[in-house]
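Asker: Model the placement of chain B on the given structure of chain A, informed by the hints.
These protein sequence lines are chains A and B, in that order. For the first sequence, the working numbering gives the first residue as 18, with consecutive numbering after it. For the second sequence, the working numbering gives the first residue as 18, with consecutive numbering after it.
The hints are simulated quantities; they were obtained by calculation from the structure and are not laboratory data. Misleading hints may appear alongside valid ones.
It does not matter which identical chain is meant; a pair holds if it fits inside one copy or across any two.
Said to hold, decoys possible - Here are the computed lysine-lysine pairs in the DSS-like style, where the Cα-Cα straight-line distance is at most 30 Å:
#1 K212 with K274
#2 K219 with K295
#3 K211 with K22
#4 K212 with K88
#5 K22 with K64
#6 K211 with K274
Protein chains: 2
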Amino acid sequence: MAPRKGNLMSVRSDIKVLDATVRDGGLCNNFEFTDEFVTELYKANIKSGVDYMEFGYRASKKMFDPKKFGKWKFCAEEDIRNIVGDNVSDMKISVMADVGRCDFREDFIPKSESVIDMVRVACYIHQIPAAIEMIEYFHTLGYETTCNIMAISQANSEQVDAALEMLGQSSVDVIYLVDSYGSLYPESAGNLAKKYLETAEKYGKLIGFHAHNNQNLAFANTIETMSYGVSYLDATASAMGRGAGNCAMELLLGFLKNPKYNLYSILSFIENYILPLKASGVVWGYDIQYMLTGQLNRHPREAMAFTAENRSDYCEFYTSLLENF
Amino acid sequence: MAPRKGNLMSVRSDIKVLDATVRDGGLCNNFEFTDEFVTELYKANIKSGVDYMEFGYRASKKMFDPKKFGKWKFCAEEDIRNIVGDNVSDMKISVMADVGRCDFREDFIPKSESVIDMVRVACYIHQIPAAIEMIEYFHTLGYETTCNIMAISQANSEQVDAALEMLGQSSVDVIYLVDSYGSLYPESAGNLAKKYLETAEKYGKLIGFHAHNNQNLAFANTIETMSYGVSYLDATASAMGRGAGNCAMELLLGFLKNPKYNLYSILSFIENYILPLKASGVVWGYDIQYMLTGQLNRHPREAMAFTAENRSDYCEFYTSLLENF
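Here chain A stands alone, though its shape is the one from the complex:
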């Protein structure tokens, strides 16, 4: 078995914590955060030692009507600058661009003119060639890049090997293992991480992990993959994210031993901004319906509909999932 990198007491200076609250959490409230929420999260992340903050997607305005979504679905340069100015902090800024859902040649300016540091390209495994085209373009513009291969629990190992080899030979900086369906266990997430890390070592890349909490394993999977050498770790305040949510920032910062990370500011943000958001009716987090789609390695869409309808007839829901396998 691959050795763990460091132990439970050691500082891993290669670790980068990325806050994805506005991006993945935006999937819970149609990206309709107040400027105050985003500004206070930005400040809290800086004080907490977070390394990257993701402001949202840069989605195509041709495909998605800006009147129907909050602005963080599009992450206009001026909207980010309205929050961060020139971002005179050590924290870097990222946006996500989905393969097939953005106009990347039109909508990105050179990094030298942008307050954005990193573009994360999200794709399914059959879209790797399209992702690499985008990644190479973003590199010519001067951005750091990641490739976030989603729904990895449904890919077979030949696909994963091929994708890693192609990405290894690309300009991408970080390859992300993404458990979109929250169906990985620490042991399976760890085994995939070891495979990703082999490519990383061969080609000089870094590996990231993005968890979903369908089986209450988001934090466990994050620290398990980290222990083998994964270094880019996604988390969100109070685990806010689609469906069952993500790895909670407060769990992750409380675990990391590097004294640069500080729990207090995130607790303060949760108390003052996340609790009111929840009280206003925005819903996310572990629940039986998400557990079931996670156990069955399925997209959470049926569980999200079940949640939206305020249902709690778990047996009926479970039966319907099994019938539609």
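Answerer: Frame of chain A, contents of chain B only:
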């Protein structure tokens, strides 16, 4: 590193699942369950393939006033029989007896006359000699026994070694690793489990794990320790248990590959009995205050008081914990 026993696809016929809903969950509602609740849980556990159901504590009626607690704090023989009759099922029945809080020589009849199969002796690590005295007595009565060493995250390794050696030489059947404070990580729980399993192999004992969910790791720690050979696994319906709760039965049964385990009946029980219990105001489960005591390796009592007072001033609470270290 010790090898894992089996893999994510294999059936481990040595696994025993123990439902502790009424016992650990009773700490949330003063053991005041209706007979209907306990009866339906008993039926659901049998249908789900659960191996043991724990009915509660057998506490001293001299030390605890029966008028002030529900009957499952005392688990009188006739109260159990009132639910299970002669228990004509494959599922076994356990009760817990705390060192120093029970009248074990007066309150237990011989196993041949009792519907109880197993007595679980709970103690802190300095109480091992007292626990062994009880264990030997229960063996003369004919019961299966376990020793549940609580708060293991605060014991040092010399204490753990000594305790395991003493228990190895006793008549105990199963030695439980108990993460009372929910402060173990999969890596630390796994390392402790390997140590316990060494003793188990030397003396022909079995090892169990009892988790708390302070850091959302109850299920992760359970399956991690299991993977190294731990075979007695505690879980509760909807994770009902003191403070942050335990490992959820529905997560565990959904994970185990042995076809004897069946999720449907537990889902039905949750839908019909756990949801109304929660709606009636009984509170348990992961929350920031429990995360903080877990991270600090502390008893959850302050977090329980914080919860009872409906507080959400996490920063103030965190500061107070750090001041009282």
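Asker: Indicate, hint by hint, whether the structure satisfies it.
Answerer: Against the structure, the hints come out as follows:
1. Within a single copy, K212 and K274 get their C-alpha atoms as close as 26 Å, and across copies as close as 25 Å, so both meet the 30 Å cut-off.
2. Taking CA atoms no more than 30 Å apart as the test, K219 paired with K295 passes in neither setting, with 44 Å inside one copy and 52 Å between copies.
3. Proximity of K211 and K22 under a CA criterion of 30 Å is satisfied in both settings, with 12 Å inside one chain copy and 20 Å between copies.
4. Taking the shortest Cα distances, K212 and K88 never come within 30 Å of each other, neither inside one copy (37 Å) nor across copies (54 Å).
5. Proximity of K22 and K64 under a CA criterion of 30 Å is satisfied intra-copy only: 27 Å inside one chain copy versus 44 Å between copies.
6. Taking CA atoms no more than 30 Å apart as the test, K211 paired with K274 passes in both settings, with 23 Å inside one copy and 24 Å between copies.
Hint compliance for this structure: hints 2 and 4 are broken, all remaining hints hold.
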